[in-house]
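K.L.:
Mind assembling these two chains? They're in different frames, but the hints should get you there.
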Amino acid sequence: MGIFLQLANQSNLLASEMASSAMAESAGEGFGLNLDIFEANVVNLAIVIGILVYFGRGFLSSTLGNRSAAIEKALNEAEVKRAEMAKLLATQQEKLKSATAEAAGIVAKADGDAQKASQAILTAAAEEVARMKQESSANLDAEQAKILNELRVRIAELAMAKAESQIPARLNDASQQTLIDRSISLLGGQ
Amino acid sequence: MPLDIEMLNFLDSPNFVSLAALEVGQHFYWHIGSLKVHGQVFLATWFVMSVLIVASLLATRNIQQIPKGMQNLMEYAMDFIRELTRNQIGEKEYRPWVPFIGTLFLFIFVCNWSGALIPWKLIHLPEGELAAPTNDINTTVALSLLVSIAYFYAGFKKKGLGYFAKYVQPTPILLPIAVLEDFTKPLSLSFRLFGNILADELVVGVLVLLVPLFVPLPVMLLGLFTSAIQALVFATLAGAYIHEALEGHGDEHEEEHA
Numbered sequence: 241m242g243i244f245l246q247l248a249n250q251s252n253l254l255a256s257e258m259a260s261s262a263m264a265e266s267a268g269e270g271f272g273l274n275l276d277i278f279e280a281n282v283v284n285l286a287i288v289i290g291i292l293v294y295f296g297r298g299f300l301s302s303t304l305g306n307r308s309a310a311i312e313k314a315l316n317e318a319e320v321k322r323a324e325m326a327k328l329l330a331t332q333q334e335k336l337k338s339a340t341a342e343a344a345g346i347v348a349k350a351d352g353d354a355q356k357a358s359q360a361i362l363t364a365a366a367e368e369v370a371r372m373k374q375e376s377s378a379n380l381d382a383e384q385a386k387i388l389n390e391l392r393v394r395i396a397e398l399a400m401a402k403a404e405s406q407i408p409a410r411l412n413d414a415s416q417q418t419l420i421d422r423s424i425s426l427l428g429g430q
Numbered sequence: 067m068p069l070d071i072e073m074l075n076f077l078d079s080p081n082f083v084s085l086a087a088l089e090v091g092q093h094f095y096w097h098i099g100s101l102k103v104h105g106q107v108f109l110a111t112w113f114v115m116s117v118l119i120v121a122s123l124l125a126t127r128n129i130q131q132i133p134k135g136m137q138n139l140m141e142y143a144m145d146f147i148r149e150l151t152r153n154q155i156g157e158k159e160y161r162p163w164v165p166f167i168g169t170l171f172l173f174i175f176v177c178n179w180s181g182a183l184i185p186w187k188l189i190h191l192p193e194g195e196l197a198a199p200t201n202d203i204n205t206t207v208a209l210s211l212l213v214s215i216a217y218f219y220a221g222f223k224k225k226g227l228g229y230f231a232k233y234v235q236p237t238p239i240l241l242p243i244a245v246l247e248d249f250t251k252p253l254s255l256s257f258r259l260f261g262n263i264l265a266d267e268l269v270v271g272v273l274v275l276l277v278p279l280f281v282p283l284p285v286m287l288l289g290l291f292t293s294a295i296q297a298l299v300f301a302t303l304a305g306a307y308i309h310e311a312l313e314g315h316g317d318e319h320e321e322e323h324a
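As you go down the protein sequences, you meet chains A and B in turn.
Numbering-wise, our numbering comes out as the position in the first sequence, counting from 1, plus 240.
Numbering-wise, our numbering comes out as the position in the second sequence, counting from 1, plus 66.
Bound-form chain B, shown alone (with noise of 0.2 Å):
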């Protein structure tokens, strides 16, 4: 779907002056070998990326015993995070998943609210915008392709070939809905966390183009509600689909309750 708009001040009369612009589509293109990149993206992914290991370094630069400032906000963050992937994946095995699901979330969640906290429409780019790197699509099916490939090899790693017990384990009827999943479970994270913001970002920026002061408001304060939650999510359903590799159906998890 080529969108191509750019709305300037679409009452086009030479009295109104051009007020804001909202370009979709259009992508700063970087050409490294034969591959066409979105450059804006990969800006605004190494801004996100140097804000967390600056958030890390500092955290963890001088640690003290009680901790103060930077280590205690990074550590509730640890806290957080660590809960969450417990919740997720259980007691016995979420230990070794506690860096994947919290670099996603982490990496989501920067991302998210650097796209509705930073002024990036300061910085112009020769084509396209700098924005939320989650509101290409190309990131957020790469993040969840990566969650794929996390739960495969949780499975893989626990059960071995048995892991493909599991798509005949109920019944063999559901054997094409147990693999259509496989495509539908990566296919569903990337579209809801692109949907999500790009829809937020293009909410707020028809507001700002219509209205420039204060009417956007709600719906950025909500965008930012969304953004987190949103990265709540995605972190979420990856521990849960890695739970799920790991548990299987059946009486394999009834095994581990005996």
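Isolated chain A, as found in the complex (with noise of 0.2 Å):
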């Protein structure tokens, strides 16, 4: 190391006074572009950004195109899933709303239905009613008839067995006389 250090202590001198010679602007204080090009290894560093971009392109223009490739599928997949959903969603909603209007029909019908049944089982009803009452009244009507009848006849046979026990005690020889005179008078006695 020591051998080169000197070496390289000398060959800094002579360097350097060669350099200030040869290229002012370069090994000068401060800041500045260093133009040679082997010392930059400008050839060396362009053949391997050259060999760089020639194959990582492929690589790298394959393997972002696959990427985005894949994402795009995934969205469009993504996108057709929920168009189909939506239309099921659509359809459903469809189904909900008819079935929702049947049912209130049903409801409506039946609603009528049963204010229907209610009118004909209180219309019955009321005609019942009725037709018990007359029947009834009717009843009581015919048994009123028929107890006056059997009054009636009641009666009558009372009177006749009356008058029929009155007869003997009333039609006398006397009374019979009696009656015939005074019919005698009465047609010119007089």
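Among these hints, one or two may not hold up.
Stated by the list, open to error - List time: in silico DSBU-like cross-link candidates among lysine-lysine, alpha-carbon distance up to 30 Å: (1) B:K251 - B:K102; (2) A:K349 - A:K335; (3) A:K321 - B:K134; (4) A:K313 - B:K134; (5) B:K225 - B:K158; (6) A:K327 - A:K313.
In case anyone wonders, no lab produced these hints; they're calculated from the structure.
P.N.:
Now the structure itself:
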């Protein structure tokens, strides 16, 4: 290492002289451009970058293209699925709406039926009541008539019996004579 | 270890033209108060930061549902980072740590690759030279201390002072080793990253110095690979340390699975 250092130091001096005389702008103090293409390793770097671009571009572009395509595909699939689901949702909602309407119809119809049925039952019941009332009143009248009839018959029988019982007491000769006399006087005994 | 070598064409003869210079341990010092900071590291770091910020802005400027271009690239990076974090920290706890691990990974990755890909030497500084910020030990130590703080924070936040139980959990005999681990973790993290990147740049530099054309190419490509791997390793280990702090040893683990 020591000898290297010595050599380096010597060459350093020499080279710095050479450099300062040859390329004043690059070897001096301060910032600047070093246009020595070999020292700056530009050729090799250009080749390396060229190799990198040549091989890297294909790999990178295919990888990135695949990635982008995969994302696009996934998005499209999701979009399609979403559309399908939206359609399904719409049809189901339609079904729901029609089912609701149907249910409402059924309820309305049932309401009407119930109303009608109750009306019919009420009417029938009222008719029945009226009929029964009428029947009972007819019965009552018939009964009354029958009883009246019976009473009449009985009164007649009683009157006949009483009259018959009085006949023997009233029908004697004296009274018949009186009656005949009166009748004769009435006819013109006057 | 103050290395201070400036190797200019060491075949020291006027016939040879100076081909390349290799500078290690020379820094473009800025004096801020009583501190001496390595300006070239700051410049390179600012560059890396601006690259990342611009990339993020470009990626999020016009967000589409189906990502294209920059957004797609950054989302891909994001997926990668999230996957990495989830693998290390686990499904239940990983989410809050994605930004931290992701920042570490992206920053180190872009630092390393900027060092390996950008002809920094075209820009001449008064002293020192621009390179990957991660080839300066200060950067890597800062990053690994951040990891230390992060995993301590994770442990204390989850378990409070019960976090210390993990030091004696399997057996108190291992207490010294457990304590030592807290020092070796940032040490190994920082030195691994720093060493790899610096070594790579030195190898490339020396090869360029010796044979300017074509011969350094394999090493440069290898360096590109190593750089990426080092970023991955750093982020993975940060995740693993945080996971360790969150999980602890022994019974709590069992309870979670019961």
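K.L.:
Can you confirm whether the C-alpha distance between K313 (chain A) and K134 (chain B) stays at or below 30 Å?
P.N.:
holds (14 Å)
K.L.:
If you draw a straight line from the CA of K349 (chain A) to the CA of K335 (chain A), is it 30 Å or shorter?
P.N.:
Status holds; Cα separation ~21 Å.
K.L.:
Please work out if K251 (chain B) and K102 (chain B) have their alpha carbons no farther apart than 30 Å.
P.N.:
Since the Cα atoms of K251 (chain B) and K102 (chain B) sit roughly 27 Å apart, the hinted pair holds (cutoff 30 Å).
K.L.:
For the pair supplied as a hint, K225 (chain B) and K158 (chain B), confirm whether the alpha-carbon distance does not exceed 30 Å.
P.N.:
With a Cα-Cα distance of about 15 Å, the restraint between K225 (chain B) and K158 (chain B) holds, given a limit of 30 Å.
K.L.:
Hey, K327 (chain A) versus K313 (chain A), does the alpha-carbon distance stay inside 30 Å?
P.N.:
Cα-Cα ~21 Å, so holds.
K.L.:
Check the hint pairing K321 (chain A) with K134 (chain B) against an upper bound of 30 Å on the C-alpha distance.
P.N.:
Holds - the C-alpha atoms of K134 (chain B) and K321 (chain A) are around 24 Å apart, at most 30 Å.
The structure meets every hint from the earlier list without exception.
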